[in-house]
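Heads up: the protein sequence lines correspond to chains A and B, in order. Just so we're aligned: the first sequence equals residues 3 to 426 in the working numbering. Just so we're aligned: the second sequence equals residues 3 to 426 in the working numbering.
These are calculated hints, taken from the structure and not from any lab test. Cβ atoms here follow ideal geometry from the backbone N, Cα and C, with glycine treated the same way. Some clues are possibly wrong.
Here are some, though not all, of the chain A residues that point toward chain B, as calculated from beta-carbon distances under 10 Å [as the list claims (entries may be wrong)]:
#: 1; residue: 204
#: 2; residue: 222
#: 3; residue: 307
2 protein chains.
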Amino acid sequence: MSDLTATIHDFGRRARAASRALRRCSSEQKNQGLLAMADRLVALQDEILAANAQDVEKAKADGLNAAMIDRLTLNPKRIAAMADGIRQVAALPDPVGEKIKDWTRPNGLNIQKVRVPIGVVGIIYESRPNVTADAAVLCTKTGNATILRGGRESINSNVAIAKALSLGCADAGLPADAVLLIPVVDREAVKVLCEMDQFLDCIVPRGGKGLIETVVSHARMPVIKHYDGICIMTIDREADLAMAESIVVNAKVQRPGVCNAIETVLVHADIADRFFATTGQTLLQKGVQLRCDERALAGLKPINANLVVPAQPEDWRTEFLDLILAVRVVDNVDEAIEHTETYGSHHSDGIVTANAETAEHYLTEVDSATVYWNASTRFTDGGEFGFGAEIGISTDKLHARGPMALEELTTYKYVLRGTGQIRG
Amino acid sequence: MSDLTATIHDFGRRARAASRALRRCSSEQKNQGLLAMADRLVALQDEILAANAQDVEKAKADGLNAAMIDRLTLNPKRIAAMADGIRQVAALPDPVGEKIKDWTRPNGLNIQKVRVPIGVVGIIYESRPNVTADAAVLCTKTGNATILRGGRESINSNVAIAKALSLGCADAGLPADAVLLIPVVDREAVKVLCEMDQFLDCIVPRGGKGLIETVVSHARMPVIKHYDGICIMTIDREADLAMAESIVVNAKVQRPGVCNAIETVLVHADIADRFFATTGQTLLQKGVQLRCDERALAGLKPINANLVVPAQPEDWRTEFLDLILAVRVVDNVDEAIEHTETYGSHHSDGIVTANAETAEHYLTEVDSATVYWNASTRFTDGGEFGFGAEIGISTDKLHARGPMALEELTTYKYVLRGTGQIRG
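Extracted from the complex, chain A is given alone in its bound form (with noise of 0.2 Å):
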């Protein structure tokens, strides 16, 4: 065993041991934990902000962009922000000891069906420090111990974080191994981490493709991915073209660099043209380029030809995450659902309609994690859902869908009280 790997086992035992300790804890106790987490953020803020700063002049010397740096930079507000999510954490209901079922079998024998901590939950992430705390506070709250392994960039702001994260931990009685950061920066420690089935319960990357890639390839243990979105949305004939320009306009520019935003519209041939002259008109007015099909590259180039360019076959698959919107002419809601199963990536889609039956057919028959009718695909999100915080949003199908909030971060047991009961 090599000397990395035999430090990150050492991490997973001492996680391993914590996870223990934690799933005895009272919701009390683990809410105490987290106050006390926030608490030692602000009072360490000079430490994390100078190891903040150590990174952020890393990151100018090795030439990041200015939008990287800002993602990098701490200051007293964000470290204030951070401390406040946690305590809204701290308030929040614990999904943990919920009874999900109970039943008594004829012989008298009776199954709980428990909500409990998963035990061991790994975060590898990129880029921003704040993650660090972010994720390891649902966690804790979940009763599940922490490994974190940020980006090579933030390096020294995530140690300090973790570090403020572990004492406030250890101040309310909860391990101090309840969040563990690994420190080493090499890649094969992403590897190491992935093959570590004996410690780690699930692995949760956040981060660009790449990243999610590695995981993938490499994880013995469930991992639940947040792969791209590639929402689309169908405008079909019976839309009110008011509400149309609204949800369309909404989808694609209120913040067209998340996932939840819309990268493609599907518009029903009959009202194609209407639809072009209020929404396209909008979106151009908005400086959305469009990539258009040949039907709609018809309707939409005499509006503006410098937005207006042919879509290239790969547009249908790509998350722009930019003011850049795919847009295709449709004979009917069939043909935009199965482009919306065959392109898309069953994140967030949804049809704008007027007709009940139409929109339950679409509803039925997309496939994603969310589908929406008359509604902007930008709702989904574990605080517009009610959630109250949310660890990311699940492109997988098992274990969590969609916006992955505490109650994802729990499993369950079985629990069977009995009286003798043997089996015949």
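Got chain A sorted already, so can you dock chain B onto it with the hints?
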């Protein structure tokens, strides 16, 4: 792309298309399909038996042992049992379509969490040809398409059974591709299946540790594993010794070759001698070999010098699946919990005690799929739980844990219905 890969990808594409058709089907349509599958199995009995005879002949020529040949062999009675099993599944309630949650946000947006089929489920199994039908029909019942990959020994039987199932589907208007069997015995086929995450939503390996390991190492999609059952029973000092005897004998002797049979007993030192004189005596009379730690050896060796032997370190981690039981004396329940957490496989573990507080402590501390108080571990079974069917017993923590039945062959999606809501 190799020919093999192309062939298997073609199966994937066909299964994906079938899964889309299946999720449109009502429970009634799916149940009609199941009944037609049962009818076809009986109608095609001669063809199935002829194919099976080829497999049995080859197995005999290859020198397979009598137990394996028995598991492989079909006869009219076994085919009738398969068909009856399918009819029983048809009579079960369909979990698909259940509204798991339903709430409306302050902005009027309604959110429903709805139970839906997973999509395409891969089943990789060994030896017994009846798994072909058992596993496939549970998938069809829940609206999933199935890709089956059975063992080399039963290839002809599997092809014949899968053909009958597929014809049954078509008889009832379900897609014939709802059940597909990979007819390739090449081991490489498993690897291709495991990497085909564009067509397969999850894989359930049913078989020995080697098969599961291969699938875990290669799979890119979620794997629902059914690893060993190293089940451990703890006898507390406050145990009713008659109850302890009844439970231990049942859990070890009634059917030693199954995963929910116990492999280790941990006995509290205070009652060890009385336990040895009663349960120990009975186990030895029934021919159970006892592999003992030092203290157990001292207590048991005088009763039967032949069947009582010292435990080797690996015995605590072994699934004997035989009339062999490891026995250890512990000084308190926490030592038993520590042993169970360290050496057990987190499948099914229990405690016999009259003290409710001790029991609840144990039930909280032991993190296994099923934990028992005063009952035999042999109840870890879909039928015994009242689920009416079982595709296996999951030793995974995510998605499915413990007995896995129809509900565990489904997932959910969020359906959002609005009136033009956009995000502010």
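Going down the list of hints, with the structure as the test:
no.: 1; hint: 204; verdict: 6 Å, holds
no.: 2; hint: 222; verdict: 6 Å, holds
no.: 3; hint: 307; verdict: 29 Å, violated
Of the numbered hints listed earlier, the single one contradicted by the structure is hint 3.
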